[in-house]
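Participant: I would like the entire structure built from these sequences, with the hints used as guidance.
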Amino acid sequence: MANFNIDADKNLTYDAIVIGSGISGGWAAKELCEAGLKTLVLERGRIVEHVVDYPTMTLDPWEHELRGGLTPEQKAKHPKGGRSGFIGAMNEHFHANDLENPYTEVKPFLWVRAHQMGGRSLLWGKQTYRWSDLDFEANAKDGHGVDWPIRYKDLESWYTHVEKFAGISGEALGLPQLPDSHFLPPMELNCVEKHVKERIEKDFKGRNMIIGRVAHLTEPLNGRGKCQYRNRCDRGCPYGAYFSSNAVTLPAAHATGNLTIRPFSIVQSVVYDEKKGKASGVRIIDAETSEEIVYTAKIVFVNASTLSTTQILLNSTSNRFPNGMGNDSGELGHNLMDHTYRVGAMGTVDGFEDQYYKGRRPNGIYIPRYVNLKDGPQSDNFVRGFGFQGGGGRAGWGAGSNQEDFGGNFKDGLMKPGPWEFFITGFSECLPYHENQVYLNKEVLDKWGQPTLSIDAEWKANELALNDQARKDAKEMLERAGLKDIMEFDNKHEMGFGIHEMGTARMGRDPKTSVLNGTNQVHGCANVFVTDGACMTSSSCVNPSLTYMALTARAANHAVSELKKMNL
Amino acid sequence: MNRRDALKKTALAFGAAAGTPTLLSLLQACAQTDRVTWTPQFLNEDQARFISAFVDFLLPKTETPGGLDVKADVFIDLMYSKTYDEAAQKQVVADIEKFNADCKAKFGKVFAELSQEDKTACFKDQEANSPKFAPKVWGTGVGPQEPVGFYRSLKSTVLWAYFSSEEIGKNVLSYDPIPGEFRGCMPLSEVGNTWSL
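Residue numbers (this note's numbering), protein chains in the order written: chain A, 1 to 568; chain R, 569 to 765.
These are computed hints drawn from the structure, not numbers from a lab. We put the beta carbon where it would ideally sit given N, CA and C, even for glycine. Check the hints yourself; a few may be wrong.
Unchecked claim - Cβ-Cβ distance ranges computed for the label pairs, FRET-style:
{"id": "1", "chain 1": "R", "residue 1": "Gln657", "chain 2": "A", "residue 2": "Lys107", "range": "28 to 36 angstroms"}
{"id": "2", "chain 1": "R", "residue 1": "Trp706", "chain 2": "A", "residue 2": "Asp485", "range": "13 to 21 angstroms"}
{"id": "3", "chain 1": "R", "residue 1": "Gln657", "chain 2": "A", "residue 2": "Ser379", "range": "50 to 58 angstroms"}
{"id": "4", "chain 1": "R", "residue 1": "Lys738", "chain 2": "A", "residue 2": "Pro176", "range": "48 to 56 angstroms"}
{"id": "5", "chain 1": "R", "residue 1": "Ser683", "chain 2": "A", "residue 2": "Gln403", "range": "18 to 26 angstroms"}
Facilitator: Dropping the structure here:
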């Protein structure tokens with residue numbers, strides 16, 4: 001599968017250009033290439049070839065000189081991304097350099113970026129859930145934001161389409177608020193998770209605790225191997241067991257012979273042709289030589305990741321679009337959303353001291369939303385809802401740091417697993433607020449002299465009320481499940497910590513209030529498509545990546561059909 | 569410990585799997601109690617002696633290797649050298665000096681030279697007065713966190729240096745780099761020690 005065609009400069013004209021190679025860009029490339037379109041993928045960073053470019057994928061701690069520790073030079077590159085707590089020596093090479101790519105926090109906002117082929121698809125959490133009409137109808141029903149131009153039935157077959165190829169493991173339960181995917185066999189809960197599940201489902205009518213639905217293979221698929229339970233996903237998986245662009249969509253696109261991927265290509269703007277009334281191509285800056293090049297194509301997919309996509313559109317000015325491409329409504333850059341992060345409870349579980357488990361499962365439990373459902377209890381304090389992720393396991397030697405003990409017995413005691421611990425942490429839906437926004441900052445330029453983003457967004461009363469309820473509910477559920485030493489927590493993280501940025505170029509029914517139409521085309525520039533998180537009209541409380549995949553496949557197939565009809 | 573005992577214990581702990589280099593280093597470690605037998609990259613000799621003594625007292629050799637056997641002290645010096653920036657390096661040196669100065673004030677000697685009883689008194693005092701780490705969920709702490717201070721921070725570093733070593737990770741804890749499957753429930757007796765990875 002090796003040897004991507006990177007010789008883009010031989011030919012400056014393509015049928016399609018895809019900006020970005022992460023989760024949604026990879027899907028756009030696959031669908032367009034398989035439809036026969038000569039497709040150029042523009043990637044800001046370097047090529048990361050599946051397996052070949054995963055240098056740390058099998059390293060044990062002692063095989064790395066600093067055992068996973070970062071040097072001061074490495075740390076200095078991540079003053080912002082480092083706040084996530086996720087950057088270590090085994091994955092540092094997959095995180096963007098904050099110094100070369102500054103952004104301005106008007107209010108605190110964590111923006112985690114991954115600038116290489118595959119983008120954040122190499123690093124993501126892989127939780128994959130379908131959205132439902134509870135989500136697509138929410139704006140219309142309670143009046144926040146604008147109505148989604150689509151409903152679940154518009155996406156249903158596209159969910160199935162992407163799931164069959166991506167490989168999603170999970171258990172079918174028929175929950176209306178969390179539709180079942182096309183599933184590979186589910187992963188197993190451990191003893192304590194099974195115990196807590198029984199107690200919660202018995203004590204709380206309408207609540208379910210399920211194994212996480214994840215983009216990990218539990219059976220081989222299309223030549224990819226199944227999960228080996230090493231839990232070293234963020235280094236790149238040698239088996240291709242989790243979904244990434246590198247292991248799944250880009251190799252499929254490459255296999256058609258229609259894919260060219262150009263690394264080190266920083267997109268400056270989408271070029272608008274005033275005479276033809278549509279986009280003619282994309283202007284890039286070569287990250288290594290600073291050379292400017294314009295590539296032309298019939299259609300352009302902008303999949304640079306939510307905020308970068310909007311940054312490109314804001315920077316794509318013309319006589320027709322003086323305030324940014326597709327910004328007739330003034331909504332471009334607005335309605336930024338994320339999921340709240342790190343609010344919940346934890347505790348210990350007695351009675352399973354003689355039990356253990358085998359394998360490091362890259363997955364946990366999920367408690368789907370149960371508040372403000374159609375036929376369930378309604379809250380007076382907030383609209384929308386929250387779900388929980390979490391999991392259980394036995395404490396390891398790290399617990400020794402807090403034990404008031406030392407010496408030989410202390411050391412030997414740490415060789416045995418400690419108490420069973422269990423936690424749940426909530427993810428609350430964020431409403432779309434016009435004033436939560438990003439805009440171009442021409443005072444702060446990046447390494448290549450381009451304007452950067454200022455981010456001005458914050459949680460408001462509804463999100464804080466949801467979080468408050470999530471914390472109380474978490475504690476109550478763990479109490480009723482019989483846990484001990486329960487600690488509730490609310491870290492009050494700023495926006496961005498959920499790493500689920502959504503909105504800023506929303507879909508809608510009315511060009512006066514939205515940036516994209518119901519098939520993800522830019523209002524006023526129909527041959528430009530946006531199908532990453534920027535397109536989202538609301539945020540649900542459910543992880544969004546699977547929905548990006550489905551929206552992308554749907555829009556790409558629409559684009560191909562419109563091209564055939566000569567409509568683009 | 570005399571050499572004969574060391575040989576016996578080593579044989580017990582490692583069985584036939586014990587390689588010659590490990591055995592040699594164990595014997596060498598026994599012979600050295602009052603001077604540093606390795607060349608620190610960052611610490612000076614007195615500071616290195618403090619780290620070695622701290623490691624040895626926190627995690628002494630028993631049926632399983634001690635902290636010095638797996639060179640936890642050598643790794644900590646390397647970590648200070650290569651992962652700490654200048655400000656953090658200055659801080660850790662100051663912390664070591666202060667720890668020793670406090671020992672001198674209270675017990676009359678620096679930590680490495682204290683009797684077992686005085687070392688015990690010193691650690692008990694530190695345990696009682698050092699704040700705890702807040703629990704972590706997915707890489708970030710939850711709940712309020714006050715600074716844990718030098719003692720608990722170093723204790724945590726020593727545990728990391730010890731348990732992330734090849735000897736402990738591969739031969740003492742239960743090592744299974746490629747489990748291949750997930751079993752949610754199984755008797756602990758079938759696994760034995762905690763999983764190393």
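Participant: Which numbered hints turn out to be false for this structure?
Facilitator: Nothing - there is no hint that the structure violates, so all of them hold.
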